[in-house]
Each structure stands twice: as C-alpha cells, then as structure tokens.
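Going by the numbering used here, the letters in the sequence shown line up with residues 11 to 131, in that order.
Hints were generated in silico from the structure; no laboratory data involved.
Predicted model, so just to flag it, every value in this text is computed and none were measured.
Just so you know, not all the hints are guaranteed correct.
[Stated by the list, open to error] Once the Cα atoms are required to be at most 20 Å apart in a straight line, the calculated SDA-like pairs of lysine to any residue come out as:
1) K84 x G111
2) K45 x P20
3) K51 x A22
4) K51 x P20
5) K51 x Q86
6) K45 x P109
7) K51 x D94
8) K84 x K45
[To be verified] Between beta-carbon pairs, the in silico distance windows are:
9) K106 x G78: 27 to 33 Å
10) T83 x E44: 39 to 45 Å
11) Y18 x T40: 16 to 22 Å
12) K30 x V56: 20 to 26 Å
13) R57 x M11: 35 to 41 Å
14) D103 x T66: 30 to 36 Å
15) A96 x R43: 41 to 47 Å
16) N28 x D99: 25 to 31 Å
17) W27 x Q49: 27 to 33 Å
18) E85 x V118: 33 to 39 Å
Think of the CB as a built atom: it goes at the ideal place given N, C-alpha and C, for glycine as much as any other residue.
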Amino acid sequence: MLYAIFIYGPEAEVASWNEKQHADVVTEHTVLREKLTAQGKVGPVVRLMPTTTAVTVRKGNEPVVIDGPFAETKEQLLGLYTVDCATLDEAIDIAKAMPWGTFEIRPVFRFFPGAALPEQA
11 MLYAIFIYGP EAEVASWNEK QHADVVTEHT VLREKLTAQG KVGPVVRLMP TTTAVTVRKG
71 NEPVVIDGPF AETKEQLLGL YTVDCATLDE AIDIAKAMPW GTFEIRPVFR FFPGAALPEQ
131 A
C-alpha cells in the first residue's frame, strides 16, 4: 500500500539552522531516500518552499485567492515522502528513521504517476 508521510516543523527553526545543520539534515534524508530507492519503496519526495511563497484558493460561488497558507499553525507542512509499504507499521518505522520533524502518515487512496518530470533541486 502507498502511504504519504507528511513532514511538519516550525519554519522559523529551519530558517535558523546554519549551513552545517542544514547540510546534515539534507544528508540524512539523502541516505534514507537512497536506501528506500534501493528497496523499491520510495515514490516522489518533496521539500516545499516556505509558507511565505504559498497562495490559498478558497472555493465558493466566487473563488478567492489569498496570500499564505490555509491555516496559521506552530508547525508548517515542509515536505513529504510517498512510500510503498506492506503495513502501516513499516511506514511508521520509515518516519522514525527521518532526522527531524513531526510526521503524519496517511494511506494513499489513489495515485496517478502523471508525466515524468526531471529531478529538480
């Protein structure tokens, strides 16, 4: 079954990291992603830009577009992994191996791979 592992954390804390701290977290994610890739368990992995770059569209009779994320919270959605696991416990173990953050894990109802996109960093 496919699971989405959403990574949450305070953007202000991430922004305060020095180069080494940032590089260490990126390295840990790279090692995990490469391990999961070798096991054939990883799908798209996404790191989101800060919420200051977000736009929210509220649908109604007349759609409204506002700057910023939908909700103001202490922790923001920073990124996600898509993983193929036999059980929820396996997905939980993957989240436990991640270097930093709070994780929400949800089964994926439908997945459409779409067109192949080049890797972007």
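Numbers of the earlier hints that this structure fails to satisfy, in rising order: 2, 3, 4, 5, 8, 10, 13, 15, 16 and 18
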